[in-house]
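As a plain string of letters, each chain reads:
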Amino acid sequence: MALKRTRTALLLLAGWVAVLASFSWYLQKDLVVGTDLRLFLPNPTTAEQRLLLDEIGEGPASRMLVLSLEGADAATLADTSRALAGALAGNPLFRLVTNGEISLDAVPDELLVYRYLLSPTLDHDSFDAAYLHRQLLARARDLSSPAGVILEPLLPSDPTLELLKVLQAWQPLQEPNRLYDVWFDTAGKRALLIAETVAPAFDPDRQRAALEALQQAFHTLDSSGRLRLTISGPGSFSVLMEQRTRAQAQTLGTAATLGMLVLMLVAYRTLGSIILSSLPLASAGLAGLLAVSLLFDAVHGITLAFGFTLIGVAQDYPLHLLSHHRPGQSPLQAVRQLWPTLMTGVASTCIAYATFLFSGVTGLAQLACFTVASLAAAGLTTRFLLPRLISDGGRDFGDSEFLGKLWQRIATLPRPRWAGPALVVVCLAVIVLAPGPMWENDLSNLTPVPRDLLMRDQEVRTQLGTPDLRYLLVVKAPDDETALARLQQLDPRLQELTGSGAITGYNHAARYLPTRDRQTARQQKLPDPATLRNALAQALVDTPFRADVFDPFLRDVERARHLAPLSLDTLRKSPLGAGVDMLLTRHGQEVTALVTLTGVDNVAALHQLADQATPKAVLLDLKAASESLVAEQRTRLLWSLSIAAVLLIGVITLALRRRQRVLRVLSPMALTTLILVAVLHGAGIPMTLFHLIALILAAGLGLDYALFFEHAADDPHDQRRTLHAVLVCAISTLMVFALLALSSLPVLRAIGVTVTLGVISNFVLALLLTRDTP
Amino acid sequence: MTSGIHKPTRQVTATVTDMRTAATTIVAVLAIAMLWAMLWAPLRANATPAAEPVDAATLIRGLAKPPPATIDFIEARFSSLLKQPLLVSGTLGYEGATALDRNVTQPYRETTRIRGGSVRIQREGEPERSFALKRAPELQSLLHAFTALLAGDLAAVERDFQTTVSGNLDAWQISLQPRDARLAKRVSRIRIDGRNDQPRCFAVLEDGKAATIMLLGLVTQFELPQPLTQEWLQRKCVSPWP
Chain S
0 MALKRTRTAL LLLAGWVAVL ASFSWYLQKD LVVGTDLRLF LPNPTTAEQR LLLDEIGEGP
60 ASRMLVLSLE GADAATLADT SRALAGALAG NPLFRLVTNG EISLDAVPDE LLVYRYLLSP
120 TLDHDSFDAA YLHRQLLARA RDLSSPAGVI LEPLLPSDPT LELLKVLQAW QPLQEPNRLY
180 DVWFDTAGKR ALLIAETVAP AFDPDRQRAA LEALQQAFHT LDSSGRLRLT ISGPGSFSVL
240 MEQRTRAQAQ TLGTAATLGM LVLMLVAYRT LGSIILSSLP LASAGLAGLL AVSLLFDAVH
300 GITLAFGFTL IGVAQDYPLH LLSHHRPGQS PLQAVRQLWP TLMTGVASTC IAYATFLFSG
360 VTGLAQLACF TVASLAAAGL TTRFLLPRLI SDGGRDFGDS EFLGKLWQRI ATLPRPRWAG
420 PALVVVCLAV IVLAPGPMWE NDLSNLTPVP RDLLMRDQEV RTQLGTPDLR YLLVVKAPDD
480 ETALARLQQL DPRLQELTGS GAITGYNHAA RYLPTRDRQT ARQQKLPDPA TLRNALAQAL
540 VDTPFRADVF DPFLRDVERA RHLAPLSLDT LRKSPLGAGV DMLLTRHGQE VTALVTLTGV
600 DNVAALHQLA DQATPKAVLL DLKAASESLV AEQRTRLLWS LSIAAVLLIG VITLALRRRQ
660 RVLRVLSPMA LTTLILVAVL HGAGIPMTLF HLIALILAAG LGLDYALFFE HAADDPHDQR
720 RTLHAVLVCA ISTLMVFALL ALSSLPVLRA IGVTVTLGVI SNFVLALLLT RDTP
Chain V
0 MTSGIHKPTR QVTATVTDMR TAATTIVAVL AIAMLWAMLW APLRANATPA AEPVDAATLI
60 RGLAKPPPAT IDFIEARFSS LLKQPLLVSG TLGYEGATAL DRNVTQPYRE TTRIRGGSVR
120 IQREGEPERS FALKRAPELQ SLLHAFTALL AGDLAAVERD FQTTVSGNLD AWQISLQPRD
180 ARLAKRVSRI RIDGRNDQPR CFAVLEDGKA ATIMLLGLVT QFELPQPLTQ EWLQRKCVSP
240 WP
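Residue numbers (numbering that gives the first Met the number 0), protein chains in the order written: chain S, 0 to 773; chain V, 0 to 241.
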């Protein structure tokens with residue numbers, strides 16, 4: 000069992016390690032790990048699903064972080080809020096950091112001249128003597144009010160205050176509570192800000208950079224350390240979850256590794272066995288990574304996590320060889336004896352996984368590719384490389400008295416014929432009769448984010464009046480102009496709905512940018528220089544203003560008369576364009592405009608509005624779309640699984656040929672799957688993608704156990720060796736997954752619990768069902 | 000144009016015209032009063048020379064008023080945009096260190112509430128406006144000076160302004176120059192004139208022609224000349240009142 004010390008063996012070992020090292024060097028350099036969750040969702044088939052995926056990945060809601068500051072009086076919080084927004088303005092990681100304060104300085108000079116085209120004033124008024132007179136009198140009052148000092152510098156060029164009207168029109172319809180002019184919660188205890196990151200939510204690296212920038216800016220401002228900054232939102236959650244998963248995986252992984260080392264030492268009593276059994280596993284992991292990185296652009300983080308879970312089976316291959324090896328027989332002979340069984344196991348599992356390649360879900364295809372390459376590598380290295388490294392001699396587990404007695408006791412266990420069918424009936428009854436949903440359709444229940452964090456996030460969002468996360472109105476158009484025109488058409492109806500309380504507010508791109516037509520119409524209402532000069536002169540007569548101070552106004556109106564209408568592209572480039580950018584996006588030949596809604600109360604009214612629009616708008620229910628997507632994903636997975644099952648039966652039949660043997664090998668795994676489904680359902684746990692993956696792994700393990708038990712000849716020594724091998728395999732797997740079952744993260748726990756139960760059930764059933772009753 | 004839109008305009012015009020005629024009828028009276036004041040002020044100053052120069056700490060301590068306190072005011076706003084100053088009158092309410100109310104009653108109604116760092120302005124028939132005090136450093140400096148004086152707190156005044164006091168108890172003047180360089184560019188000086196424990200004038204002098212001059216307390220009984228000038232108001236501030 001020890002390492003062989005011959006020249007060739009050592010050279011081979013060195014060569015193998017060198018190849019593995021060079022692979023890992025190459026992968027280290029070239030492997031791109033993706034984090035876009037959409038890879039694990041099926042390709043969208045409906046418009047709603049497509050939008051959902053866009054929303055998940057790039058949507059405004061997914062990039063929005065909500066910040067709350069607390070721990071001091073409102074005035075201090077407001078100052079800090081202002082300073083924080085100021086410190087982060089212009090930071091390339093953020094599109095926007097705002098606390099709601101309107102600042103006249105926020106408007107860049109190049110947009111200033113467009114105020115006459117953007118403000119709604121000219122839709123219902125005109126710059127005639129009467130209007131200007133009214134405005135000038137109002138300005139006189141403004142001037143002697145405390146606001147005078149702020150407005151005075153504006154007046155010569157903007158006596159009608161169009162700039163303020165534009166800025167006001169751009170404010171959200173449902174205003175959050177304000178104290179000292181910045182957003183606060185209703186209790187006045189927390190100052191609130193919104194930060195929109197450039198990175199999408201599922202980019203933990205860039206999200207982490209953004210969060211660090213936020214924290215750093217905050218700590219610089221709060222030297223006293225009295226204040227508290229809370230950041231929440233999809234981005235911060237994804238960073239938090241990544242950290243937690245990583246931390247737990249590390250702790251559990253370390254514990255599992257230590258456990259494995261102890262188990263190997265107890266089972267094989269040599270250090271060499273640890274090295275020998277880890278080589279095929281390392282080859283498996285690297286081969287899998289290499290295959291995925293060659294076939295796909297990026298390896299998804301989830302592929303890696305699931306993949307390394309699934310190739311736990313590969314760990315078993317060298318263990319079988321180590322357990323079956325005995326003095327008086329060369330390792331090569333031992334492996335030749337094992338190979339038919341091992342190959343059947345490897346081939347059938349690989350063929351089963353290969354069906355995922357056609358599931359239509361990129362993430363699952365990656366997973367299939369990874370697992371097939373890994374298992375093949377583990378099988379082949381165990382067959383062709385590993386035996387050449389093992390020295391002859393060592394212990395024969397076939398001599399073990401203890402194992403012999405154990406085998407005898409198991410063999411004499413009663414195996415009533417009715418037990419199998421009865422078990423099937425009970426399981427089916429539980430599956431059919433137990434209440435509760437079979438499947439988990441709600442994506443939000445799949446989130447590993449702790450519930451209280453989600454609740455707090457939701458509460459702050461409600462205070463801020465950020466858009467509803469479930470409903471969105473979607474308007475499609477061939478180009479920007481048409482999209483804006485359609486939004487403009489919808490606007491009066493949306494105002495009605497806001498008035499009737501069906502919604503509390505809405506937002507869309509046309510609120511910021513009127514159509515070219517409307518801008519041109521306003522432009523045409525601007526009087527020519529002579530007319531305006533006359534009107535102004537008349538208007539000035541009995542006002543306290545001097546006659547010549549409004550020359551800049553005359554000049555600006557004249558400039559505005561000759562401007563080309565403001566385009567979306569120009570607006571996008573300005574710091575004010577961030578909001579518009581996300582509400583109106585171009586996908587190839589199509590423009591998608593979103594109407595975000597706040598405080599949705601009457602969904603039927605929104606449906607009606609969407610239907611009555613010409614052309615029809617779509618009321619997107621993101622929850623429904625995500626549920627249909629999850630259901631679709633599951634359907635595809637189940638289809639893949641059914642095909643995999645058929646193929647598996649085919650391969651096993653081909654290998655074992657006799658119906659009796661095929662039944663013996665397949666029944667433990669089939670029964671176990673049934674039991675697991677019944678237990679999960681009976682316990683009221685709706686199944687998710689993660690449970691399905693775990694079921695597949697458990698089935699793979701069960702198949703291997705059954706194959707080896709079934710293969711064990713009637714020779715008692717060989718039976719003991721098989722028992723030793725399968726025991727070591729089962730205990731090691733059990734240990735790893737029982738640790739996972741302790742995790743606080745739902746995903747890890749789901750996999751851990753399912754596989755743990757699966758290993759136990761498979762092991763027991765394989766022992767009972769693969770041998771005849773004596 | 001509907002008549003609905005015209006109405007308020009006519010009202011406003013009427014008020015302004017009324018004020019103008021009222022003002023012109025008293026021009027004659029005022030002209031005489033001015034002449035008298037111009038002659039009398041220096042005479043009087045000579046006649047009763049300052050008994051002793053005032054001490055800043057004592058003076059400012061004496062100005063302290065416990066909140067709440069209200070006082071009548073007339074405010075004249077001078078600006079380079081205007082051919083004649085804008086006049087409003089009403090009451091000022093002092094509710095605490097950072098709480099000040101300004102109620103305009105003539106020639107129209109307008110309420111300003113300053114609470115903490117925020118200013119809210121409500122004018123009849125118009126939506127409320129609000130802005131952060133930080134955005135109007137002139138106003139903020141005025142408010143600082145005003146509330147520090149009402150608290151009788153020389154140290155608070157000195158923190159933001161270089162303070163000089165002149166005159167005597169009968170007619171004193173406090174001159175405040177902003178220490179903050181940025182603010183100093185916009186507000187060259189704040190000047191407060193008063194007698195005994197009563198401030199009478201509060202003037203924020205900006206660059207050039209711009210200034211806000213506020214007459215406090217009994218001054219509302221004055222008849223104002225037409226045209227009203229900063230010079231007249233300044234003289235009024237330093238001249239003895241009834």
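The hints are simulated quantities; they were obtained by calculation from the structure and are not laboratory data. Ideal placement from N, C-alpha and C gives every residue a C-beta, glycine not left out. Treat each hint with caution, since some may be false.
[Said to hold, decoys possible] In silico negatives: residues of chain S with every beta carbon more than 12 Å from chain V:
| id | residue |
| --- | --- |
| 1 | Ala8 |
| 2 | Thr256 |
| 3 | Leu427 |
| 4 | Asp456 |
| 5 | Phe549 |
| 6 | Leu691 |
[Unchecked claim] Cut-off 25 Å, straight-line C-alpha distance, at most; resulting in silico cross-link-like pairs (DMTMM-like, lysine to aspartate or glutamate):
| id | chain 1 | residue 1 | chain 2 | residue 2 |
| --- | --- | --- | --- | --- |
| 7 | V | Lys82 | S | Glu151 |
| 8 | S | Lys524 | S | Asp108 |
| 9 | V | Lys184 | S | Asp78 |
Verification of the hints:
no.: 1; hint: Ala8; result: holds (79 Å)
no.: 2; hint: Thr256; result: holds (58 Å)
no.: 3; hint: Leu427; result: holds (69 Å)
no.: 4; hint: Asp456; result: holds (28 Å)
no.: 5; hint: Phe549; result: violated (9 Å)
no.: 6; hint: Leu691; result: holds (56 Å)
no.: 7; hint: V:Lys82 x S:Glu151; result: holds (14 Å)
no.: 8; hint: S:Lys524 x S:Asp108; result: holds (23 Å)
no.: 9; hint: V:Lys184 x S:Asp78; result: holds (23 Å)
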